[in-house]
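The whole structure should be built from the sequences, with the hints applied where relevant.
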Amino acid sequence: MSTERWLRLEQIFADALQLPPSARGESVSRACAGDDLLQREAMLLLDAHDESGQFLARPALDLLAHSVSVGGWTLQPGQRIDAYTILRLLGAGGSGEVWRARDDRLGRDVAIKVLLPHHSSDAEHVRRFAEEARTAGALNHPNILTVHDVGEHRGVPFLVSECLEGRSLRQRMDAGRIPASEAIGIALGIARGLAAAHTRGIIHRDLKPENTFIADTGGGVKILDFGLATLESSLGRFQDQQERATTGVIFGTAGYMAPEQVRDEEVDARTDLFALGVMLYEMLEGRHPFRRPSVFETLNAVLTDDPPPCVIAHEEEPSALSQIVMRLLQRSPGARFQSAIDLAWALEQVAVARPAPGARPSSRNPVVPRRRFRGLEALAASMLTAAVLVGSWWTLSRPPPLARGPALTKFTWTLPAGLVLDSAPMVSPDSRRIALAGKDARGRRLYVRAFDSTELQAIPGSEGAQQPFWSPDSRSLGFFADRRLMTVALPGGAPVAIADSLSPHGGAWGRAGVIVQAPDIVLAGLDRVRFDGRNRAPATLLTNALGDTSHWWPAFLPDGIHFLYSVLSTDAGRRGVYLGQLDRPVSPEGPPLLQSDSSVVYVPLQGSDGALLYISGGRIEARHFDAGRMAVTLDARTIGLSGATSSLYRPMLLSASSDVLAFADSFVPWGTRLEVADRNGHQLRRWSEPQAENWPRVSPDGRFLASQRVDGPSNNPDIWVEDLERGTRVRVTTAPVPDIQAVWSPDSQRVAYVSGNIPGRSGKRVLNIAAADGTGVVRSMPCPGTYCEPTDWTREGVLLVNVIDGRSSDVWMVQATDGGLARPLLHEAFDEHDARMSPVGQWVAYVSNETGQPEVSARSMSGTVRRVTVSAAGGAQPVWRRDGQELFFVDPGGDLRSAPVRWSANGTPTFGVSTKLAAGPVGFGHWGTQYDLSPDGSRVYFLRRNDDPAPHEFHVVMGWQALLER
Amino acid sequence: MEPCDPPAGGDVTRMLRLWSVGDEQAFDRLIPLVYDELHRMALRYLAGERSHLSLQATGLVNEVCLRLLGWDQARWQNRGHFFGVSARMMRRVLVDIARRRRADRRGGSGAVRVAIDGLDLPAPQTGDDLIAVDQALEALSAEDSRKARVVELRFFGGLSVEETAETIGVSVRTVHTDWVFARAWLYRALTKDREA
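Taken in sequence, the protein lines are chains E and D.
First residue of the first sequence? That's 0 in numbering that gives the first Met the number 0, and the numbers climb one at a time after it.
First residue of the second sequence? That's 0 in numbering that gives the first Met the number 0, and the numbers climb one at a time after it.
Careful, some of the hints might be misleading.
Quick list of simulated restraints, FRET-style, between CB atoms [to be verified]:
(1) E:SER937 <-> D:GLN134: 17 to 25 Å
(2) D:GLU142 <-> E:VAL867: 21 to 29 Å
(3) E:SER1 <-> D:GLY168: 20 to 28 Å
(4) E:GLN170 <-> D:GLY168: 57 to 65 Å
With the Cβ distance kept under 7 Å, some of the chain E side facing chain D (calculated, not the full set) [to be verified]:
(5) ALA13
(6) ASP14
(7) ALA47
(8) SER51
(9) LEU55
(10) ALA59
None of these hints come from the bench; they were simulated from the model.
From the three backbone atoms N, C-alpha and C, an ideal C-beta is built for every residue, glycine too.
If you want it as structure tokens, here you go:
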């Protein structure tokens, strides 16, 4: 179609869409003015538009994912797997598909269960699954589904079993009431099957009506899916449950889990008996003993509630049957039947003594859910679809104190697509709202969500907000934005700036109307300021002579006078949490209250008691704090929850009120962590703070390490220098532009780097030389090309620089000392980059793509030009050992290699065959060198990708104080 | 997660730079460098290893690209440039996965429908699949490359209307108009055979 016609078509289409459908035909006809072809085309397009429905409405990836997990069958009728010909699909569920197939060897029909890919990703669990399934299937017990074969098809395990005609117990239950005699018969069959399996040490773990089958022929009851629960547990409860929650399967399992399973404690044969008890109750009563409106309430009921009495059994069988049921439903495994054999025996006695069936369903008052904390429960209910319930933390030894607060419930709150958490989720002191700083493509903002609402509301005017904190009355928020401390009244208030805050590290709002803030990253004590911005004064004093470098993360005590804060110090004995007092600004004295690399949250409990919550080793811990004596009790309790690993450089992503605890599992979504290992790959140290980090470079004297790090709050890439002995770190660059690829001066006093423009802006970059102690830029020189990066600083005071202009990369020499005189060094038709001068002799190692792939080459700098290729099959990132006796580089697989170098008397190197080092892998697709060695070549500093997941979500625990009472 | 690194050196960056200055072939050379990782992550996503709740399509694309290509935005001309590359790569990978799935199922013949309709609606009657969309998109591109890009960014790259507008450098309104037209055009292209 010509451009002109295309544009007309577009216009006609757009115009017609503005009209009601009935008027479109006329409009098109008029616009086309007799051009029938165009008219037809436009009408067809309009029809297509009307018909297209949800066409392309979801991203391709989602659709593909959906088709894989739901719509895309693994097998096809007619297909052959091993000796089986696939006939037709019998059913599909959360764990896999079941197909009817023909066993061609034996001429019989079989059922083939294919596990979905996500159930088969862990080889060890697949092996265990196969073993258990085989063992159970081979029992050849009439009440256990016979498994003929376990195999694998394209890496997906499948299970071949006898093909049954009949229906599941669930289907039977749905079809109508089950007479007591039939129920007893079914329960007896299950008990016998369980007994046989339990004797072999096999626990089902997921017994429920859905996987109990009642065969048409023979009337037998068959237990299905032994071993499957094992496999599912390989996913980890968390993910598994989440998956189920999304597929709506969760109730089926939740309702049959024994209390010990809910708590994620050890399971044994008695766990299966509990499930059987629930099923028997359900058959007899026509309703589930613990079913509640939500999964949380159901699980809570399993843990805390007694089932309503079993009425039918009561009427017909005054004691025996109802006693059996109630005994099976005991919360403590010790109080149940101790074996399936005992149970079978008891059921047999009842069956023998039974009169004819004839009971009717009864209606007892359902358990009325508590209505305390309406908002919280409303939230719990509203979160249902996205909810995740985990068992591992639920380690109560007795029921939660229901009278005091909401039921112990945990759920996960996923932020809207595109939004990630950028602060702790802050629970308001009145437990009614959560505030957070969120970050999306447009930047950071504050968001608030009330527990009784489903809406996450952005706070207008809060652009750039970070580190929010609540006022004690829960009616205002404090936060930082644009280097200022701000407050905003909720709802609807406009943010007000009340004080400067250069690089904020926490704020807290006390009862007395005073806010304490950490206004700067380093060498500043805490400030106090009244909520209206008045009376700003120091709240603590920082004495650098004591080794203290920063005071961060204040948290008020209930009196509004005392507060806790974290001290960073080069004196390890002074690192930790100290107590401050508004009317007494002093330097922290003595040892800390709590030696912790985490910040703390204070939650008032009863009386003068409070809890200090913090994170240690990735787990949330609590200590009692006596606000009367201002003392911490010694024993730390882990409350059984894992939070994001925190450090003093990273605020803890946790907050709590008396009733609600909220926390996230992770902080930095993308980043790397520095690691040092010996040449054999033994890790010597791993830097704990997850940071985006690049281009580590050890100083020639081995004492310092320069690298580019992304500073959390400002999110700006800067060059930092760490003192490797003392562990202190100095930021060398401060301008809000990215600073890239530092190299050391030969005397270890300075670093050179390239300073870029704000991302997205074009223009030249500048080569800077700055003092390594952070005292500032010494000189600036223009980049020789549009883009340049220093790669080495030679003994002669020359910077070797990658210069990229247009399409090729060359290596230039730039004088670091006089006027920045620049001239090309390697200027060939190919790309040359990452040049490093040899410590002895006059050779430069660099990367060239002359052969079509990047190879590490070396070239003489004086006399006749000679050139050698050092790497054999691709290589990059060359680094000389400081004595010149080794040349390291990275191979295409990302592994670090070393080639021995021998120098002849006239300064010519001979490179030996390279060998792989165990340290690493180094990898990363960056241009530039992502590792370095200690001067003696014994230690390798490199970056390991930080695998913390992005915090798209956080967890909310209601009634968390129950976790303290163990 | 095991480390997964593309070939060492600056090839990725270099190819991106070349591509951004108009060297379309550079993109073809870029793909093999990052393909394995993208493919692997997409498969993990598809296998449900990543929660659908917590990781949306855009998130995956961006995560892959950030991990592979580095967070250093200074190397990107702008956000739009980044989105453009992400979407183009995701299109390649997803269509390829769809192709492989098709081949796996039928021993290399026939077509398995990857529904592109909404999930809550009845199974689509159009017989569309990702591969067909990809091909139709090529045809659309020949007529109107901007509209094809809009679809690529939104459907394969998972971008919002606003992000798409930023990437292409047009107004949100234009993206909207383009999208509505392109959707109808593609739908028609994919259903034409049925009529015939």
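*Hints broken by the structure, by number, lowest first?*
Violated hints: 1, 2 and 6; rest satisfied.
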